[in-house]
Amino acid sequence: MTSDVIHGIMQEQKMEQEIQGKIIEFSMLEQENQKIEQQLQMIEQQFLNLQVLKANFDEIESHNGELLASLGSGVFLRSELKDSKMVLINVGSGVVVEKSCEDARKILARQISKLEQVKKEVESIAGKNFEMMIKLESDIRSIVGKAQGLGTKED
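For any residue, its number in this note's numbering is found by taking its place in the sequence shown, counting from 1, and adding 98.
There's no promise every hint is true.
Claimed, not checked - Cβ pair distances, simulated, as ranges:
#  : residue 1 : residue 2 : range
1  : R239      : S101      : 26 to 32 Å
2  : K218      : G163      : 38 to 44 Å
3  : G170      : Q209      : 18 to 24 Å
4  : A207      : G170      : 24 to 30 Å
5  : Q209      : E159      : 16 to 22 Å
6  : D102      : M140      : 53 to 59 Å
7  : K183      : Q149      : 19 to 25 Å
8  : E164      : E229      : 53 to 59 Å
9  : I223      : Q149      : 21 to 27 Å
10 : V193      : I158      : 21 to 27 Å
It should be emphasised that the hints constitute simulated quantities derived from the structure, not laboratory data.
Even for Gly, the Cβ is constructed at its ideal location relative to N, Cα and C.
Required output: the full structure, derived from the provided sequences and hints.
Structure (structure tokens):
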């Protein structure tokens with residue numbers, strides 16, 4: 099074997115390793131973006147739940163008399179609203195505190211704001227990953243093109 103042939107084989111092996119590394123990196127980014135997509139769906143669901151809660155506040159404050167209280171799974175209980183000015187809020191670990199509707203609305207507004215901020219941050223990460231994936235794809239195509247050029251020179 100001549101030194102040119104050996105050098106060509108070594109270059110091809112180096113390019114193959116580089117391609118494999120970039121494909122692995124691309125695959126990892128793709129998996130990460132799938133997880134991010136799931137996170138965005140969960141964030142969107144939380145956002146919708148908070149919007150429903152906000153609408154329920156509007157409805158309850160102007161409501162008098164009997165209403166249906168959901169027990170879950172499509173089961174309702176007829177109940178009467180005694181005080182539409184105060185609500186009970188779960189603050190975590192099974193602890194419930196009484197708050198005015200005004201305070202509850204402020205808490206809800208902060209939660210919505212924080213959720214929107216988190217959504218923007220997660221979308222930004224997804225966008226950066228997507229840009230890196232595009233660059234990796236371009237790099238892979240470039241390396242493959244060079245490798246094909248080497249292969250035709252030896253023929």
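We went through each hint and held it up to the structure:
1. R239 <-> S101: 26 to 32 Å: The hinted range 26 to 32 Å holds for R239 and S101, with Cβ atoms some 30 Å apart.
2. K218 <-> G163: 38 to 44 Å: Given range 38 to 44 Å: holds, Cβ gap about 42 Å.
3. G170 <-> Q209: 18 to 24 Å: Distance hint for G170, Q209 holds at roughly 22 Å.
4. A207 <-> G170: 24 to 30 Å: Once the Cβ atoms are compared, 26 Å apart, the range 24 to 30 Å for G170 and A207 holds.
5. Q209 <-> E159: 16 to 22 Å: holds (19 Å)
6. D102 <-> M140: 53 to 59 Å: holds (57 Å)
7. K183 <-> Q149: 19 to 25 Å: At roughly 22 Å between Cβ atoms, Q149 and K183 fall inside 19 to 25 Å, so the hint holds.
8. E164 <-> E229: 53 to 59 Å: holds (56 Å)
9. I223 <-> Q149: 21 to 27 Å: holds (24 Å)
10. V193 <-> I158: 21 to 27 Å: At 22 Å between Cβs, range holds.
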